[in-house]
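Protein chains: 2
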Amino acid sequence: VNLILLTADELDDDRVARLTGARAGHVCRVLDAAIGQEIRVGILDGPIGRGQVISRTAGEVLVRCTFVPSPPPVPAVDLLLALPRPKVMRRLWAQLAALGVGHVVLTNAARVERNYFDAHVLSPGCYEPLLVEGLQQARDTRLPRVSIHRQFRPLVEDRLDELCGPGLRLIAEPGVPAGIAETVADRDLPRVLLAIGPEGGWNDFERQLLAARGFYAVSMGTRSLRSDTACVALLALVHDALRSREGRRI
Amino acid sequence: VNLILLTADELDDDRVARLTGARAGHVCRVLDAAIGQEIRVGILDGPIGRGQVISRTAGEVLVRCTFVPSPPPVPAVDLLLALPRPKVMRRLWAQLAALGVGHVVLTNAARVERNYFDAHVLSPGCYEPLLVEGLQQARDTRLPRVSIHRQFRPLVEDRLDELCGPGLRLIAEPGVPAGIAETVADRDLPRVLLAIGPEGGWNDFERQLLAARGFYAVSMGTRSLRSDTACVALLALVHDALRSREGRRI
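As they're listed, the protein sequences go chains P and B.
Each number in my numbering comes from the position in the first sequence (counting from 1) with 19 added on.
Each number in my numbering comes from the position in the second sequence (counting from 1) with 19 added on.
Since the hints were made in silico from the structure, they are not lab data.
From a predicted model like this one, the values you see are computed outputs, not experimental measurements.
Among the clues, some could well be false.
Given that identical chains are not distinguished, each listed pair holds provided it fits within a single copy or across any two copies.
[Stated by the list, open to error] Straight-line alpha carbon distances no greater than 25 Å define the calculated DMTMM-like cross-link-like pairs of lysine to aspartate or glutamate that follow:
hint, residue 1, residue 2
1, K106, D180
2, K106, E192
3, K106, E147
4, K106, E132
Please take these sequences and the hints and turn them into a complete structure.
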């Protein structure tokens, strides 16, 4: 944990927040922050700042917070992901938030098993704490939006524009010649929507529908990767490509 | 599993291998391969090929194999990794093999807890099956070499040249200006050794020693990531940078 996240309603009129439970334990036992010491804090979907410890008792820490004026930007990458099996999805949540994803759009596909949609790991009570854990690791406050779609075709045909807005659309396909860095560099669009298929791959219908909706095929080589490894690797490449493009503008 | 790995001594003089246990189960239940059907096979640290199913009974599958002449290349990236906590290391093994690492060099550091070195996850009996799982996912045969070092300074001063040979040395540091793609593109060295610190970071002594031994600091942005996320993200960036450089040569 490199940042303690608060919700806006946890601050009183003097900008003092009362931490209990795991967050208080982290401040006392891991950081061992003394009275007067400052720790990094952030407001969920709001700004980052510093919290001065003003009281510290068993199980409760009071911090007075000051924040920088503007919140961090919403990550410029959205993810359209064929729902992986629950064990893999569980491992992914914190990593997605840590790497930075604006909107996580989970979808069905021919090679996704229907019962994955009934998994506990798709309930907000399960995934929200994991997303917060990832944000606290990466010192971000922007909670990824999450939407879950049991029908691929209506999602791609009717909903994607509204969910993710305009931007560069990429579909990861092992072995195609186009790389991510070059493709992002050549197209001056502020946001990227990255589609990652199930471990067995998209089927022909799905591939054609995504191509018809503007998804451009890129690859990171010929190796076939597990969904969680592929997501982390591809998100890192897209973010790096966006950073490189920004760098070249300066 | 996208490839069934065999050891060389599992093949008889007619290049027939007898699969039992999990591999037989995969051929029968997941692939449901009939007599005469071909499946992808590979020899550990040897070539890739096809295996024709010639017999299939409860718990045993016989496949007759033919191989392409030359084995896949050893991955061009080595990893110097400050040992993460056992739970994170366990998740990493298969992912490292899937992404492709020539040599995994695990080291102590000031911010690594000593007792991590006693973990079961560092015994070959634990990690080798996980590495094989990653290779079978990625259709590779090159088992990463693994070495484990309880002393950072003698490793870096005396052993790294012999363990990893000459190459570009990179150290990942959040927030430094140099990117991985540009750094790899500018230096025409065939191999890369990538150093990734503990979650609390290298200390000043470690950083200076690595710099003195030729490690060049690069970053993938300012976000601080868990060791497993950082390894997957950074290995993906280094491999992609090497691929891009090769592409530009053609």
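So, going through the hints one by one against the coordinates:
For the homomeric pair K106 and D180, neither the shortest alpha-carbon distance inside one copy (30 Å) nor that between copies (39 Å) is at most 25 Å. In this assembly of identical chains, the alpha carbons of K106 and E192 lie at most 25 Å apart only when taken from the same copy (23 Å versus 30 Å across copies). Taking the shortest alpha-carbon separations for K106 and E147, both the intra-copy value of 16 Å and the inter-copy value of 22 Å come in at or below 25 Å. For a Cα distance limit of 25 Å, the shortest separation of K106 from E132 inside one copy, 13 Å, qualifies, whereas the shortest one across copies, 28 Å, does not.
This entry does not satisfy hint 1, going by the numbered hints stated previously; all others are met.
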